[in-house]
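Chains as they are written, first to last, in UniProt numbering: chain B, 1 to 290; chain W, 1 to 294; chain H, 1 to 264.
I should point out that these hints are in silico values taken from the structure, not numbers from a laboratory.
Incorrect hints may appear among the rest.
[What the hints assert, rightly or not] Dumping the calculated DSS-like pairs for lysine-lysine here, alpha-carbon to alpha-carbon at most 25 Å: (1) H:K24 / H:K89; (2) H:K36 / B:K32; (3) H:K73 / H:K24; (4) B:K32 / H:K73; (5) H:K24 / H:K93; (6) H:K137 / H:K93.
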Amino acid sequence: MLLLQLILNGLQVGAIYALTAAGFSLIFGSTKIFHFAHGATFTIAAYLFHYALTNLGLHWTLGVAMAAGGAVLFGILLDRFMYAPIQRHEGSFFTVFVASFGIGIVVENVIGMVFGRSFISVSTSLSRSVELLPDLYVSPLVGLAVLTSLVCFVAVHMFLMHTHAGMALRALSENTELVKTFGLSPRRLSAYAFALGSVLVVPAAIFTASSSGLNPAVGHHVMLISLAATIVGGIGSIRGAAFAGLLIGMVENVALWQVGTQWSEALTFAVLFFFIIFRPSGFFGRAAVS
Amino acid sequence: MTAYILNLVVLISIYAILSTTLNFIIGYAGIFSLAHAVFFGIGAYTSAFVAMNLTPSFFVAIPIAMVLAALTSLALALPALRVRGEYFVAASLGLQMLAVTLFSEWKGFTGGIGGVIGIPPVEIFGFALVKPWHFLILTLVCLALVIAIIQRLVHTSFGRSLKSIRDSESAALAAGKNITVIKTLSVVLSSSLTALAGGLYAFYMAFINVESFMLATSVLVMAMVIIGGTGTILGPIVGAALLMLLPGALSYLSFLPQTEIGSIQQIIYGSAMVLLMIYRPGGIVSPKTRGEAA
Amino acid sequence: MNMQNTAYDTTAAQPVTEQETLLKVRNLQMDFGGLKAIQDVSMDLRAGIVTTLVGPNGAGKTTLFNMITGHLKPTAGEVEWLGDSLLGKPPWKIARQGIARTFQDLRLFTHMTVEENILTVMEQGGWLWQSGGMSAKTARQERVASILERTGLKDKARVRAIDLAYAERKFLCMARIMATDSRLWLLDEPASGLDPNSYGLFLELLRSEVANGITVCIIEHNLDIVVNISDRIAFLDQGRLLADGLPDEILNNPELAAIYFGER
Ligand SMILES: Nc1ncnc2c1ncn2[C@@H]1O[C@H](COP(=O)(O)OP(=O)(O)OP(=O)(O)O)[C@@H](O)[C@H]1O
Ligand SMILES: [Mg+2]
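Same shape as in the complex, but just chain B (with noise of 0.2 Å):
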């Protein structure tokens, strides 16, 4: 029953991994920005659904588009006014990583600040577990985050399918000569996938705030994993990453049969050891080019 239990634990927190991993490889694939921020867009969205609900009492809808709208407005104008900038004159990976990685830090404090830096948990009625089964522990909230995480697939896939701007975007992770001939400017595509990018893992903050809880420094387990799905996935495929997020997620929950929590993040790493070692390329990898 134990293992049952945790492979559902898996199954929710992997939904929600495979989501804000998503984003991140979303963003890197197009625009090649390693937005190492991303995590702070995590956390932004995460406080903001906390503040929504708790401080300002809010109903769970307005919540969630407070929380959507925060990380939207963060990547798009971190695209605007850091990376643009830095773009212009070199964007090299050095000077993008070091001032995405600057951005995290800020926003971890001014969260620490604001907030406090001990844990904070959304109760939500959903939180409360149901006993399915005679020792089976389920909350609603399980197959809400497997719900969710489907229906944003479902639509960015129809967004990147069928979509004009979509498949800029599909053709500027492929090849950026390709894009001119969708008629759409290389700011105007970054800008769409920040936004997409961002706004994605507003399910996967909202999930965590409800259930596990969080804290500010957050943001940094949070990149461990979209780069560590990123990897495993085959960098540049937003499917592997997702299916990457997923494995990671059940990995981490399986293994506590074993572990304790602690070593959750061991556990990543010796996934994303795993794969860098034996299969470089990740799940669906094309040949890695220098």
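Once you've looked at the hints, dock chains W and H with the ligands against the given chain B.
Relative to the frame of chain B, chains W and H with the ligands by itself:
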């Protein structure tokens, strides 16, 4: 007052060793490690362990610590550097997080969360360094040595190979450079020198725990390197001094909430990193802007 | 180092078609996602001659170089160097077998001085130090000096690559490849954008290296260069090798001219 200054200088020197060794891989090899504090920690715990269980001799404890850090970094770098630069960032972040767990759990070696207490003073040829200024001299000598070694390396063919890889990996490959081996070697060298700083720290504090070796330390050292200026000798030292003096300076500003000094400090250097990357990517100590898309 | 070169002087007298084949490319194919950048290309590079690769933008010329030097792994096909397969070898091993290249976007070691750019190319073996000790070091320095002299970069030895003027950067690319000791040079548009003066110097340099026995494959758009230096011309369009032959045959072929000029 002198005790305060002495303490500050020793700590700045130890951090200057950390930033100088990190600069060696960031500024000359173009490798971004978020695991610098791990090798600092390995150096500290190993030295403490040797000092308490074997001998507090500098020339025994430090080399053992350096070898251990070198081996760990080899295990990380060899696979992770075979592939793209992003992989190393990810793998080092993972290692940093794993190490914090290990440092807090492995009670026999690290004392767990509580840490290691009562590390004996370090001995050099049987002479125990108990006075703070003894230690100051030792630390300054070590810093000078580290700077000299790195300065020397940078001007050899090895240093040129590193810089060529930093500037254009594909062109370095086309020139027949085995970039995996060269990069790995640079990480191993850097990590072993980092362990020296760890050993000094453990002996100086006489007490260590996991708090000093968390991601925040890796981030702080990276900020020192970047704010000071990558790829220069002076930059990381200036950066270390600036960021170590910052908390003290901030505590003079009485209008700031004193309990939040730590956060304010991090916000300052976080913003500094962002602004520098937009306006002056070479850092404070830089003749001109650095870097270009490879 | 130069023994190799003198050994090949003799081959220059032989008729072009009978020379030893250094590099064989067979049925090479490269797909990028849906884009077929190279399709079924087979060609030979023969020792001691200049083969020019021409074709409109996006024809796949640079991609072909990238596959030869191991910077890209072909989707299918075979690359043989002196009878041995190069497939699956990392670029640095291929480089050490004697295949050197320049890059269309230069890829200089931007923050190193001109001198260091050249020196580091000679220091490919060894990790922490170079073999041969002091005498080898002096020899390297002399060689750097001579390369600097021949490429007209003598006054710029201590200048960082990023601070060079355009033409000087192009010559630094040539200087770097001269420092390699390779038998085969793959040059990706080395003369594009040069002013007439530098262009003359470039031609002179290339001719003297070819006379020394270097085998060259050059990607070039400038018809004047093509006419001037080619012993053979290969014509690539949309990933396919349309023609491969003597300059006269290619240049006088009206169909190729239509493709080439029609697209530009
Ligand atoms: N790494 C890559 N990933 C995806 N597409 C690529 C890659 N490299 C090249 N291409 C595409 O392959 C095609 C051929 O490119 P290539 O650079 O080989 O052309 P070229 O003949 O060198 O053209 P030019 O004269 O402009 O240099 C182009 O459509 C290009 O966009
Ligand atoms: Mg080209």
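Notebook entry, point to check: CA of B:K32 to CA of H:K73, is that 25 Å or under?
Noted result: It holds: about 21 Å lies between the C-alpha atoms, which stays within 25 Å.
Notebook entry, point to check: Does H:K93 lie within 25 Å of H:K24 when you go C-alpha to C-alpha?
Noted result: holds (17 Å)
Note to self: Would the hint linking H:K24 and H:K89 be met if the CA-CA limit is 25 Å?
What the structure shows: Distance ~16 Å between H:K24 and H:K89 Cα, so the pair holds.
Next item on the list: Quickly compare the C-alpha distance for H:K36 and B:K32 to 25 Å and report which way the hint goes.
Entry: holds (23 Å)
Check: CA of H:K137 to CA of H:K93, is that 25 Å or under?
Finding: holds (23 Å)
Item checked: 25 Å Cα cutoff - pair H:K73, H:K24 -> holds (16 Å)
No hint from the list above goes unmet by this structure.
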